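Asks: Given next are the chains, with one letter for each unit.
4 protein chains.
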Amino acid sequence: MVDLNKIIDYFKHSNIPQNMLNRGKLVLDNFLNPIKILLEQKALPKDAWSDQQIQFFLDVLSQMDTDKDDNASQVGEREARIASNLHIDISGGFCHGVGRSGFLTAPQPKAPGGSIMYEITNYIARDTMRKFGLPNIKAAIISPVATGMSLALALSAFKPQWGKGDPLKKRKVLLPRLDHNSILKSIDFLGLEPKIIEGKLFDDAVRIPIEDIKESLDDECFAIVSFTSFFPPRETDDVKAISKLAREKNLVHIIINAYGVQSPEWMSLIRSAIDAGRVDAIIQSTDKNFLTPVGGALIASPSEDKIEQISQTYAGRASASPVVNFLISMLSMGVNGYNELIEEQKSNHKLLEELLTDFADKIDERVMNIFNPVATAMTLKNIKKKQLYQLGGALYNLRVTGPRVYNPDEKSFGTCIDNYPTPYIVMNAAIGASSTDIKTAVSRLEKAYNQVVH
Amino acid sequence: MVDLNKIIDYFKHSNIPQNMLNRGKLVLDNFLNPIKILLEQKALPKDAWSDQQIQFFLDVLSQMDTDKDDNASQVGEREARIASNLHIDISGGFCHGVGRSGFLTAPQPKAPGGSIMYEITNYIARDTMRKFGLPNIKAAIISPVATGMSLALALSAFKPQWGKGDPLKKRKVLLPRLDHNSILKSIDFLGLEPKIIEGKLFDDAVRIPIEDIKESLDDECFAIVSFTSFFPPRETDDVKAISKLAREKNLVHIIINAYGVQSPEWMSLIRSAIDAGRVDAIIQSTDKNFLTPVGGALIASPSEDKIEQISQTYAGRASASPVVNFLISMLSMGVNGYNELIEEQKSNHKLLEELLTDFADKIDERVMNIFNPVATAMTLKNIKKKQLYQLGGALYNLRVTGPRVYNPDEKSFGTCIDNYPTPYIVMNAAIGASSTDIKTAVSRLEKAYNQVVH
Amino acid sequence: MVDLNKIIDYFKHSNIPQNMLNRGKLVLDNFLNPIKILLEQKALPKDAWSDQQIQFFLDVLSQMDTDKDDNASQVGEREARIASNLHIDISGGFCHGVGRSGFLTAPQPKAPGGSIMYEITNYIARDTMRKFGLPNIKAAIISPVATGMSLALALSAFKPQWGKGDPLKKRKVLLPRLDHNSILKSIDFLGLEPKIIEGKLFDDAVRIPIEDIKESLDDECFAIVSFTSFFPPRETDDVKAISKLAREKNLVHIIINAYGVQSPEWMSLIRSAIDAGRVDAIIQSTDKNFLTPVGGALIASPSEDKIEQISQTYAGRASASPVVNFLISMLSMGVNGYNELIEEQKSNHKLLEELLTDFADKIDERVMNIFNPVATAMTLKNIKKKQLYQLGGALYNLRVTGPRVYNPDEKSFGTCIDNYPTPYIVMNAAIGASSTDIKTAVSRLEKAYNQVVH
Amino acid sequence: MVDLNKIIDYFKHSNIPQNMLNRGKLVLDNFLNPIKILLEQKALPKDAWSDQQIQFFLDVLSQMDTDKDDNASQVGEREARIASNLHIDISGGFCHGVGRSGFLTAPQPKAPGGSIMYEITNYIARDTMRKFGLPNIKAAIISPVATGMSLALALSAFKPQWGKGDPLKKRKVLLPRLDHNSILKSIDFLGLEPKIIEGKLFDDAVRIPIEDIKESLDDECFAIVSFTSFFPPRETDDVKAISKLAREKNLVHIIINAYGVQSPEWMSLIRSAIDAGRVDAIIQSTDKNFLTPVGGALIASPSEDKIEQISQTYAGRASASPVVNFLISMLSMGVNGYNELIEEQKSNHKLLEELLTDFADKIDERVMNIFNPVATAMTLKNIKKKQLYQLGGALYNLRVTGPRVYNPDEKSFGTCIDNYPTPYIVMNAAIGASSTDIKTAVSRLEKAYNQVVH
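Chains as they are written, first to last, in this note's numbering: chain A, 613 to 1066; chain B, 613 to 1066; chain C, 613 to 1066; chain D, 613 to 1066.
Hints are computed from structural coordinates only; laboratory data are not their basis. Please read these numbers as outputs of a predicted model, since none were measured by experiment. Don't take every hint at face value.
Given that identical chains are not distinguished, each listed pair holds provided it fits within a single copy or across any two copies.
Calculated pairs, SDA-like style, for lysine to any residue (alpha carbon to alpha carbon, straight line, at most 20 angstroms) [said to hold, decoys possible]:
#1 807 / 824
#2 637 / 718
#3 624 / 653
#4 618 / 637
#5 648 / 671
#6 624 / 655
#7 637 / 1005
My request is simple: use the sequences and hints to build the entire structure.
Replies: And the structure:
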């Protein structure tokens, strides 16, 4: 095999002078060195990699899989044969996917390169969580399914073993009310039952008091799912108190930290929760936090065993694409790049609050008093119900994507409480958004508002 | 927007003569016409597309999604922002993934192009099943998870609604013994219980008689899972009889047709099963049948409603990659290309049987009498147990991937029966394999055998 | 052929609501509209295109060439057959190259798309020159060879027709001394003879006085080549005066404006030269001005006929790559992008002068008084000759690329004068360089200087 | 720098068993080993490389160039800065191009990787010529311009040095009549004069007798250009006799072997010519012989000095694309692949002759008696002049590209003789054409003929 360190040695006696060759080696070294460091440290790189470096790394690894071996005789029914070379792009070259029948992180004999890729990616996942707020994490895995299905994975892994003669009583999951279909579906998916604890109003904010949770708890519950990032008016759960309760009552405790990694404040709450009580798994979206295409989740845990249990729950193999996506994102940002994005998010959120406050003043509304490091809500109490609907349409036409104009009279699902007192609009200054997004969105909101009202 | 039909009109008064321009239009038309036909017919194309055509089509569709709109103000938490352009490759450009929270085939407002892509793909999936053996299919979906998890999806969609006061009795799934972890895991994943009916020996073959299945049926069973393609000595289930039973006893019936689309014989059995009784869903692997990277499954059904139910079971969004992979594969083969592969598979399987028969004669073994259009088994009764193990290793070293050398004394899991009488080796002539694969595999088997025995 | 305007019509009766489809059309329109505008206006776009847009445009055009026609019977000896798909990348899809035997801009019957591509590119070339300083340009062409060979093309096109009985006297080209091999080689290439007029010292600057040029002129000269951008101490020629002389004396006059498009000052000089007298062609490097890979030149002229003459001089066909490179660059920048780069260049040059002045002060040297909008020179009179050489090496080791450390005692070639009085160093703040390049270069120069001197 | 040999060592203590890791190394080795062999042997590989291998090799080399060094301070005016990443594709990553000012093969200090790439490519060029018929070649270069301009390069390199007092007499080039514009233009390009020796008829063939050439020779001639591959009725020159004459008379002798490498017969003639007399350079098209996009030529010579002289003639730098194209083609074919193509060409030419003979019989025409291993001509004496023209149009409409329908009454240019007696059609079975091309072309010719005649 060619040793790239020695590539210039083959040109010692060529027309090319040695000092030029040395320079070539130096530049190539600059390109390849980050790969070496990654292999040594198995950690999130400090600096961003270029797309060329990432592609090179993926190429080298995927060229270790047996489907690339043109000297092999392939007589299995699954040999990662592909109909088109375009598949190489879509899979990052990892045509065998990840996992063996029923064990996600098991190495695949036909895919040594893919197995290395997945292992490295999971190390990076763990390191990312540690470096961005959760030093008390022990293991992490990139799940090849998104947040909702990953919650199903975790609940399935930790559900009681209902055997013969089992009364099947423990089938309920405590759920501080969170109006998101994916969560409800993931519980339903497993044939479990949610036990929902209603939200209560605290000034503008909707919270689920820990006392109410405690009261709801009965013998049929085996787990509780808590939440950090969600849309106003629903605020973050008191994950520390829930964590203590979980330890005390021997409940499985899963935190849905959907897009919370971007916020050191949310991460700090989770860190305390881990230290104070029981947290089995924390699930976060790869696309919302790490700027990948939709499709994966990062599941982290303070316990290695828990991650292995989840890994062993998955039935069969899975697409490598969501895993590769996470790997690409993290290598393309590095610690420094992600830190910069976090700083930009903070500053954009501040900008969003300021601009919305200014606009609210103009139209006699107000920015609402709800803790959320990403989203901001503004009341819309002075316009007619019909206009609320029109406002949504006007924003759509002005190409503002993502705002939520809400009329609680029409639909309570989404407010996490019945009878929320005021209509409102929510906007996000999420990681990856630009300050231009924020500025044009608020200015278009003003335009849309004026269109609708006048 | 530019009308590609009119592109040459802009050069009417150029130096380029009209007849050259017309030729240019003709050649471009040749390139683009298949796209038009696909959009009109929403069916599997007759002829293969080139990679350039496929890429062009994916590009056009993915350029309809709002993440590509540089005039948009994006203030949602999920806007398909990406950290690297490499993600475009991995996702085929469909960064929003597929599905909305809890409904796979629901159109996504931020992804009109992705929604079109998924709809077209599912039409192609249905058409593929119809054209390759199952004209009685009504709907199909490309599931973004592989066979095992897709079985979980289907079982979850069709499981009884266990409500309050429900005795939770119907939790069992009849399973003609099939020694594959993914299947068992997918049942376990949902907290269900398999009720396994043991295999029986018929000459060399292991079958599960319909009478035994009938006997096993009790009130706790709500479903039965049957199988077509598997490894010898396990033979295909009598899916027609099981289908009748399912109708009679009101059982959910799911057929796992893992790599069965490649064989008209297996497809014909399923067709009869659908006509004769009840089949809720047929699940097939996209990688094993359609030469995609691992990660998706094609779920088909004689009922549109059933597919919609499954589609509504999935919790949250999913990666578009497995869907795009299927689309790429089918466009790159077309009806004709897939037919050619089927013919090649048949001929390769015949070749495998002949070569193994020849070799068996030489070493006083025999090719076993087990129905399987893809795999062939040969006895290995004359070599020592220790040598069986060595034979596997020798094949590995000779780069033969996929053969299974089996010693039933050591492990019965895999034979689908206890006390299978003879050791054996299984090889596959699966779709996409070349005749060279077959020839070198058997010749290396001979070499390995001689190494081990002498 | 598919009309992309109508793509959503095929989904009218689908599950996808009309307003989503409309949004999809809107976003796609946003993507495709620049192509329409380019085809209509045949001018440099105002705004930058994305790489995806550029690639899409190249794909559509190259799919018009007959090598893409799989219904064709190809029985020529040149049919743009390719051994590998990688060639598509390298040629931008234009495998037929550009030109017909001996006429660069002649349309190619087998390459209607390639012919359109070249025509559009040449329009953009003309428009670029007009918008960035030379409104008096009538035609331009992207020559598939770089500056040196393009000068040979122009000289060959305009050389006298030496027929039978011709005394062959007019074989000389007046050349205000410019110490650049490519220029001398291009004259030699044609078997012509340079008549070099020596440089004279004006303070720090080397200029060739118009009087000296006039004196040199004799009957054997048929052309003069003048220069704008070059390295200090050589200054820009008085192109306006030379232009007048050329008109008066009926001399072919070619201006080498190697990297001068980036500077409005140089362009303004050329504009005056065109207005004031005779300029046959102005030649500029595509890589140095427009950030392409090396290999092409933009030849512009105030006369359409002259460009056609040059176009008809080229013997045979040529690679399309240099043409495609220019097209890519200009589309990826647009008027606005190129204007920004010009502003950045100006500001970087100012920065370079400031930083070098500061450093010169410290070491008792001075920035030299030589007009050049890109390059700056600093004296190096206080260090030993041997150290001058070491300084070059030290800069190389510190990875400063591009600076020229000059010792006129050792070699006069490069100073454009004999006996230039002082050693010096030249650095460039060229278009595309970053302010970081400038800052680190000067700081590393200081480091290198200290290494060498102490 | 990472040593790819050791990549698996980083996973010794991972979950991945050592035997899997070893397999990964083995497969990767399989992928990388051809690179090692190429670097060691600097010769045309025996077996074809995959596109992935070629791309990997180009990536590694181009990552040695200083434009890739993000730690460099770049203060030159030419630093291979690029406006778009698409340029990486178009240049193969070699943005510095090839050559230094006036010396094509000189190594470039800023492009060590590009310099290695060019050196390797030229070794492969030499080896290709040696292995496919010319073992007596000493050096070769891939010229970055096509055949016509490459002839200009060679003529320029070998033209007399017209100095002061030189009578400029030796300005003529002997040219056995060859009606191809590129050739005439390349002579004109340099201000030289062709001395054309007329063709004579030998049965159907047009040849230029060596006696006529000898007679034409006078003191003004310094060179002779001879030809192998051309279109019937012009036959190959007697290059051996011309070679002897060149030695005897001290003439520069350049052989235009435009698309002759594909034919062992033509190569054998050249081999004899080299052995028997004087051949300065042999020029062949890269696209016509080696299936690259248009734009390069392979110039070979029995003398290393001659190649160096040509290399030093080129004025300035050049695009690397034509060089990379040749490299890609040869690696993607290897010795074996090119041999297969040669065999296929032979068989296709035989097929073409047979099919044309059959058709000629039907319409009372005949295949003409003209030596040409690629092209075949058939008389068209029985149809009217007007119909000849219509036949060409009909073939164009039937998408037959490349045939030449010739009416010598209308235009003698192309026949290489005045008053050629009969109209004819020429078709080529050139390298890279498929037997389908041949069959459909003749069958469409029949169709077109019938359309026109009836």
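Asks: Any hints this thing doesn't respect? Which numbers, in order?
Replies: Hints that this structure does not satisfy do not exist here, as all of them hold.
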